[in-house]
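Protein chains: 2
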Amino acid sequence: MSRFLSGGCWRAARSRARRPCLWGAPRGAAGGPGCVRGTPAGALELPGEPDKFGGVSVHLARLGALDRLDLAACQRGLQAAIQKWRSEGRTAIWLHIPILQSRWIAPAASLGFCFHHAEADSATLTLWLGEGPSRLPAYATHQVGVAGAVFDENTRKILVVQDRNKLKNMWKFPGGLSEPGEDLGDTAVREVFEETGIKSEFRSLLSIRQQHSSPGAFGKSDMYIICRLKPYSFTINFCQHECVRCEWMDLSDLVKTENTTPITRRVARLLLYGYKEGFDKIDLTMEELPAIYTGLFYKLYHKALPENYKAMRGIN
Amino acid sequence: MSRFLSGGCWRAARSRARRPCLWGAPRGAAGGPGCVRGTPAGALELPGEPDKFGGVSVHLARLGALDRLDLAACQRGLQAAIQKWRSEGRTAIWLHIPILQSRWIAPAASLGFCFHHAEADSATLTLWLGEGPSRLPAYATHQVGVAGAVFDENTRKILVVQDRNKLKNMWKFPGGLSEPGEDLGDTAVREVFEETGIKSEFRSLLSIRQQHSSPGAFGKSDMYIICRLKPYSFTINFCQHECVRCEWMDLSDLVKTENTTPITRRVARLLLYGYKEGFDKIDLTMEELPAIYTGLFYKLYHKALPENYKAMRGIN
Numbered sequence: 178m179s180r181f182l183s184g185g186c187w188r189a190a191r192s193r194a195r196r197p198c199l200w201g202a203p204r205g206a207a208g209g210p211g212c213v214r215g216t217p218a219g220a221l222e223l224p225g226e227p228d229k230f231g232g233v234s235v236h237l238a239r240l241g242a243l244d245r246l247d248l249a250a251c252q253r254g255l256q257a258a259i260q261k262w263r264s265e266g267r268t269a270i271w272l273h274i275p276i277l278q279s280r281w282i283a284p285a286a287s288l289g290f291c292f293h294h295a296e297a298d299s300a301t302l303t304l305w306l307g308e309g310p311s312r313l314p315a316y317a318t319h320q321v322g323v324a325g326a327v328f329d330e331n332t333r334k335i336l337v338v339q340d341r342n343k344l345k346n347m348w349k350f351p352g353g354l355s356e357p358g359e360d361l362g363d364t365a366v367r368e369v370f371e372e373t374g375i376k377s378e379f380r381s382l383l384s385i386r387q388q389h390s391s392p393g394a395f396g397k398s399d400m401y402i403i404c405r406l407k408p409y410s411f412t413i414n415f416c417q418h419e420c421v422r423c424e425w426m427d428l429s430d431l432v433k434t435e436n437t438t439p440i441t442r443r444v445a446r447l448l449l450y451g452y453k454e455g456f457d458k459i460d461l462t463m464e465e466l467p468a469i470y471t472g473l474f475y476k477l478y479h480k481a482l483p484e485n486y487k488a489m490r491g492i493n
Numbered sequence: 178m179s180r181f182l183s184g185g186c187w188r189a190a191r192s193r194a195r196r197p198c199l200w201g202a203p204r205g206a207a208g209g210p211g212c213v214r215g216t217p218a219g220a221l222e223l224p225g226e227p228d229k230f231g232g233v234s235v236h237l238a239r240l241g242a243l244d245r246l247d248l249a250a251c252q253r254g255l256q257a258a259i260q261k262w263r264s265e266g267r268t269a270i271w272l273h274i275p276i277l278q279s280r281w282i283a284p285a286a287s288l289g290f291c292f293h294h295a296e297a298d299s300a301t302l303t304l305w306l307g308e309g310p311s312r313l314p315a316y317a318t319h320q321v322g323v324a325g326a327v328f329d330e331n332t333r334k335i336l337v338v339q340d341r342n343k344l345k346n347m348w349k350f351p352g353g354l355s356e357p358g359e360d361l362g363d364t365a366v367r368e369v370f371e372e373t374g375i376k377s378e379f380r381s382l383l384s385i386r387q388q389h390s391s392p393g394a395f396g397k398s399d400m401y402i403i404c405r406l407k408p409y410s411f412t413i414n415f416c417q418h419e420c421v422r423c424e425w426m427d428l429s430d431l432v433k434t435e436n437t438t439p440i441t442r443r444v445a446r447l448l449l450y451g452y453k454e455g456f457d458k459i460d461l462t463m464e465e466l467p468a469i470y471t472g473l474f475y476k477l478y479h480k481a482l483p484e485n486y487k488a489m490r491g492i493n
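Protein sequences appear in the order of chains A and B.
First residue of the first sequence: 178, per the working numbering; consecutive thereafter.
First residue of the second sequence: 178, per the working numbering; consecutive thereafter.
Errors might be hidden in some of the hints.
Chain copies aren't distinguished; within one or between two, either way the pair holds.
Here are the simulated lysine-lysine pairs, DSSO-like style, with alpha carbons at most 30 angstroms apart [unchecked claim]:
id: 1; residue 1: Lys476; residue 2: Lys458
id: 2; residue 1: Lys433; residue 2: Lys476
id: 3; residue 1: Lys229; residue 2: Lys345
id: 4; residue 1: Lys487; residue 2: Lys345
id: 5; residue 1: Lys458; residue 2: Lys407
id: 6; residue 1: Lys487; residue 2: Lys433
id: 7; residue 1: Lys407; residue 2: Lys487
id: 8; residue 1: Lys433; residue 2: Lys453
id: 9; residue 1: Lys476; residue 2: Lys345
id: 10; residue 1: Lys334; residue 2: Lys487
id: 11; residue 1: Lys458; residue 2: Lys433
id: 12; residue 1: Lys229; residue 2: Lys261
id: 13; residue 1: Lys487; residue 2: Lys458
id: 14; residue 1: Lys376; residue 2: Lys433
id: 15; residue 1: Lys476; residue 2: Lys453
id: 16; residue 1: Lys261; residue 2: Lys476
id: 17; residue 1: Lys376; residue 2: Lys229
id: 18; residue 1: Lys345; residue 2: Lys458
id: 19; residue 1: Lys407; residue 2: Lys476
id: 20; residue 1: Lys433; residue 2: Lys407
id: 21; residue 1: Lys487; residue 2: Lys453
id: 22; residue 1: Lys476; residue 2: Lys334
In case anyone wonders, no lab produced these hints; they're calculated from the structure.
Keep in mind it's a predicted model, so treat the numbers as computed, not measured.
Next up, chain A with everything else stripped away, as it sits in the complex (with noise of 0.2 angstroms):
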């Protein structure tokens, strides 16, 4: 599917669970495209920037003079463009508007604009014009948490905190959420190190845990993907603001306590397996691939594929 125009086929109407915008869209007075300025009405008309996927965008913080307009000639120029593009066959209109000119906000929520996202400085405000439910892509919809499973070999000990920020204080792995742009091992390595003093490197990847509804995500979902470790420094010294305890742990007292979480119990269980079995019964191995659209590469976790099978060798 394309990520510029999600989903909702023709065939298949959606029946998505949206929160719905304040009013629909009325249509306005006539406007032209250009610079922003005066119009003889007193509207202002407004510059809109096409992309591929018939929508247009207007970044506020492109155009001058905005603080010497009313809100008025604000809400008419608006008004004016909406119904030219809607006219033009145009399905989707962005506003891109930096937080100090908000006061472009509620006049375009009342021609039917929403916010689609607004982080730091700047909101991105959406208006469907197409038929049909919007099939603009959602924004963000889930947290990424990633925890490291720091097992040593040698000693068959694994590295255990408890939080210090939770009702019930019970062992589990350290880790937390991921940084912007930041790849799934390196946010485990890095979470280890700053909860425990322990420096580590990426072995595998382990399990995925989707959840909904989850507190501190802001009514998003929540993605929680356990890593497997290797540890190369032995010295706990751990965060005191974030845990109350933290060990080096017999895997095969991990695997029998109570006190610890379902998924800790599940994975140490896990470990356990790959540790008599062999990993490579438990991991998913990384590898990192182009992507053929942008250029850039990506990386890609699942069970390691033998070499014969990825080059097709021999397979028919």
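We have chain A; now place chain B onto it with these hints.
Positioned in the frame of chain A, the structure of chain B alone reads:
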């Protein structure tokens, strides 16, 4: 790590690449708690709701008479509230603003508030009052897309499509973005049906891709998951809005064709390996487990764990 105060240990000062707020928060005039009402000084008193993490929330939607207040009074009230909560040792202020009250946003920004997030008809701004850089948890950082590798073991055929909105029309698995609150397997089954008309059921999770700076992710990251699905209908009726072609293709052709993406080719080869040597070699199985803090359930995916390890029977 706690999801409410993220990372940022006393030992490990973060150097996060966050976009800066516009200004630091200046110290304002004194103010007091209570309902919204005018004060002799012409400010307003702003009621805040403390949370257990040291923050305080203000919900403008719960306050009355906002429309009658002028912005200068709003700003003085907010400034007084900031000073009060800072002096009480509060670590953060969360300001929830309905879209039609967006005239509050710019004055709040001039006192140091930034957008934390916004969606539909509401924005949330934050101001960090604690020491050092903000330790507030970030909003959702990832889009989640899910594709279905629908494989018919009886015919050794796999369901593939060519997207309409791509520059290069390469064979790939049908899929799309998760709806809010939707489980991974459900997204795969839904997207496969919407794009191709084929009904299927979830079998396993095969691979996870993480990609940053992905186009269409609004600057956020992208998690793309491929599931193995088993078909139970076979007549293709594909969505002509989304696809230009849809076929049941011999798996042995897909593993060899040049006209596909690297990830599709890789997962096709993984499927061939599973088909020939047993799907247990490649599958991540799914199980529901209880979340101990919320009483909810979540779905956990990992390599199948033998029953004796799961129950720790006969394992030492």
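Do the hints match the structure? See the list:
Both within a single protomer and between protomers do Lys476 and Lys458 lie at most 30 angstroms apart by alpha-carbon distance, with minima of 21 angstroms and 21 angstroms respectively. Within a single copy, Lys433 and Lys476 get their C-alpha atoms only as close as 34 angstroms, which misses the 30 angstroms cut-off; across copies the closest is 22 angstroms, which meets it. Proximity of Lys229 and Lys345 under a CA criterion of 30 angstroms is satisfied inter-copy only: 15 angstroms between copies versus 52 angstroms inside one chain copy. For the identical chains of this complex, Lys487 and Lys345 are inter-copy neighbours only, at 24 angstroms across copies versus 46 angstroms inside a copy, given an alpha-carbon limit of 30 angstroms.
For a Cα distance limit of 30 angstroms, the shortest separation of Lys458 from Lys407 qualifies both inside one copy, at 17 angstroms, and across copies, at 24 angstroms. When the C-alpha separation of Lys487 and Lys433 is checked against a cutoff of 30 angstroms, the pair qualifies only between copies, where the shortest distance is 11 angstroms, while the shortest distance within a copy is 39 angstroms. Taking the closest pair of Cα atoms, Lys407 and Lys487 come within 30 angstroms of each other both inside a single copy (26 angstroms) and across two copies (23 angstroms). With identical chains, the CA atoms of Lys433 and Lys453 are at most 30 angstroms apart within one copy only, with a shortest distance of 16 angstroms there and 37 angstroms across copies.
Within a single copy, Lys476 and Lys345 get their C-alpha atoms only as close as 35 angstroms, which misses the 30 angstroms cut-off; across copies the closest is 22 angstroms, which meets it. For the identical chains of this complex, Lys334 and Lys487 are inter-copy neighbours only, at 19 angstroms across copies versus 34 angstroms inside a copy, given an alpha-carbon limit of 30 angstroms. In this assembly of identical chains, the alpha carbons of Lys458 and Lys433 lie at most 30 angstroms apart whether taken from the same copy (21 angstroms) or from different copies (27 angstroms). With identical chains, the CA atoms of Lys229 and Lys261 are at most 30 angstroms apart within one copy only, with a shortest distance of 18 angstroms there and 50 angstroms across copies.
In this assembly of identical chains, the alpha carbons of Lys487 and Lys458 lie at most 30 angstroms apart whether taken from the same copy (18 angstroms) or from different copies (14 angstroms). For the identical chains of this complex, Lys376 and Lys433 are intra-copy neighbours only, at 26 angstroms inside a copy versus 42 angstroms across copies, given an alpha-carbon limit of 30 angstroms. Taking the shortest Cα distances, Lys476 and Lys453 sit within 30 angstroms of each other both inside one copy (28 angstroms) and across copies (26 angstroms). Proximity of Lys261 and Lys476 under a CA criterion of 30 angstroms is satisfied in neither setting, with 43 angstroms inside one chain copy and 47 angstroms between copies.
In this assembly of identical chains, Lys376 and Lys229 lie within 30 angstroms of each other by CA distance neither inside one copy nor across copies; the values are 47 angstroms within and 32 angstroms between. With identical chains, the CA atoms of Lys345 and Lys458 are never at most 30 angstroms apart, being 32 angstroms at best within one copy and 37 angstroms at best between copies. Both within a single protomer and between protomers do Lys407 and Lys476 lie at most 30 angstroms apart by alpha-carbon distance, with minima of 19 angstroms and 26 angstroms respectively. When the C-alpha separation of Lys433 and Lys407 is checked against a cutoff of 30 angstroms, the pair qualifies only within one copy, where the shortest distance is 22 angstroms, while the shortest distance between copies is 36 angstroms.
In this homomeric assembly, Lys487 and Lys453 come within 30 angstroms of each other (Cα to Cα) both inside a single copy, at 27 angstroms, and across copies, at 14 angstroms. Taking CA atoms no more than 30 angstroms apart as the test, Lys476 paired with Lys334 passes in both settings, with 29 angstroms inside one copy and 27 angstroms between copies.
Violated hints, listed in ascending order, are 16, 17 and 18; each of the other numbered hints is respected by the structure.
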